[in-house]
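A.B. asks: Below are the chains, spelled out letter by letter.
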Amino acid sequence: MKNLLMVKNLSLSINGKNILKNINMDIWEGYIHAIVGPNGAGKSTLASTIMGLEGYRNFTGSIYFKGQDISQISIDERARMGITFGWQEPARYEGLLIKDFLKAAARDKNGDFIFEQLNRVGLDPEDYADRAVDKTLSGGERKKVELASILAMDPDLVLLDEPDSGIDVETLDKMFEVIKEQKKKKRTIVLITHSLAVLKQADHAFMFCNGEIIQKAEAKKVIPYFENKCIPCKHKNIPDEQGVKLE
Amino acid sequence: MNKELNLNKINLTKELSHVTDTEDIFNRPDVAHIFIHHHKVIQSHLLPGLKIDVKEFDDHIEVNTIVEKNTKIEKPVHMCFGMIPENGIQKMIINTELQENSSVSFLAHCAFPNAVDIQHIMDGNIKIGENARFKYLEKHVHGSHGGVKVYPHAVIHLSENAHYYSEFELIKGRAGVIDIQYEATCEAVSVLEMVTRISGKENDLINIKEIGHLVGEKARGLLSSRVAATGNTRAEVYNKLTASAAYARGHVDCTEIIKDKGIVSAIPIVEVSHPKAHITHEAALGSVDSKQLQTLMARGLNENKATDLIIQGLLK
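So the protein sequences, as listed, match chains A and B.
Under my numbering, the first residue of the first sequence carries the number 1, and numbering increases by one thereafter.
Under my numbering, the first residue of the second sequence carries the number 1001, and numbering increases by one thereafter.
The hints are simulated quantities; they were obtained by calculation from the structure and are not laboratory data.
Any given hint could turn out to be false.
With a straight-line Cα cutoff of 25 angstroms, these simulated DSS-like cross-link-like pairs (lysine-lysine) come out [unchecked claim]:
#1 B:K1259 x A:K103
#2 A:K99 x B:K1316
#3 A:K109 x B:K1040
#4 B:K1261 x A:K103
#5 B:K1172 x B:K1259
Residues of chain B clear of chain A, computed beta-carbon distances all greater than 12 angstroms [as the list claims (entries may be wrong)]:
#6 N1027
#7 I1066
#8 K1069
#9 K1149
#10 T1255
#11 K1261
#12 E1303
A virtual CB, placed ideally from N, CA and C, is assigned to each residue, including glycine.
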């Protein structure tokens, strides 16, 4: 298994509070990974730190992508190296057309390619290409547009923060369909989630609790523990002193 | 030094239509148009029910337009105003009357592509009769020098159930100095919408003053401004909406974005003097939204390109 991304001894404090505690993780190329844990465990913080978002740069430790230390480089440089991030609640843009939003991200600026990405997420280009990425889109539509822009970019690594948040069942099915399609293409995805349904899409999982990775294993081994001990969280986001015992 | 120009009417018409991308309208008899260069009409074509009486003077031009009762003009009327030379003053007095049950849409192209020191002064008086519909889209094409000063001022009266929609947009070039002053009075059940979108660069100066008075029952009004101030641009937006009749409804909406050393200010004033009237306002001033910016950067755009794309969208 080839490491695409490596996180080494990463810790982050925000306003004096330790949010991430000595994180070590390897993200294998071509796998669907999940970072799973209850709300407030630090999952999104870790993803934001990997992407280099504002407010998440003052960490200790290192992040390597394709063997290169990316700890000090900007968001757009990381993106051009092949990492991107899908927000839990994507930004909305007054006046910016969906086709222009996708084109800005796309590796291929051709109109047909842009339309193809909309079709892939179940949005008819005839109806959507000339609409704005603004508040007139429903939460589900906006999530699909976000996914289409990621597909248009075709990055090596996608960090998807709570991909099921605020969307209907039909949109979620489409999202899972796209994830499976990406898996077949050997793309690497990291799903940040506290949802069992999302966890089930992953090959491999990191269990997060109170800013720590408390277990790493095949997703199917993590699922029973997560289902029984984490939904709802039985120990208020404090790692179980007994440790995580997987079947 | 002045660019050498052949200032005959044919060449001016060609040049203005080229700059404003209106060359095709000359072959369309169903589309009315009037071209005014400096203080002279250089080309016009009217339609039944649309009367434009022009008085030319040395220091200004007076354009009196009447859309007759029950006249519905289907295609937008193109009004092309401008000056091709680098220097000068274009002063226009525009009186427009829409008689009852009429409707018209004006597409005003204001072109000053070579301006080094040009003033474009427009004093308008617009009367919209009962049940009449008026749409005025003003698109400016300026040069890159920033030497144009634009003063569009207008007083507007909307009769019962009249509709007014105006949109001011700088589509090309430097703003220079733009000083917009519109004031409208709205009778019962009338609808007022004023939309302004301007981007300033370098040391441009933008002042927008838009005022609406909702004096009739169920009158509605929207004042919407979108301004981007980059470089050393200074921009001030003054929006005032008053409501003094039952069920009058209004909204003031102002978004201003700064980049570099731009400075923006907004003064939204809402005044309600009837217990059954209602007005809301929202204003957002500041740099580009961080999440919007980071989303585009996470797709590989650098900060400048991402900011430009966000601003372009906002001004669209």
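A.B. asks: Of all the hints given earlier, name the ones this structure violates by number, lowest first.
C.D. replies: 3, 4, 10, 12
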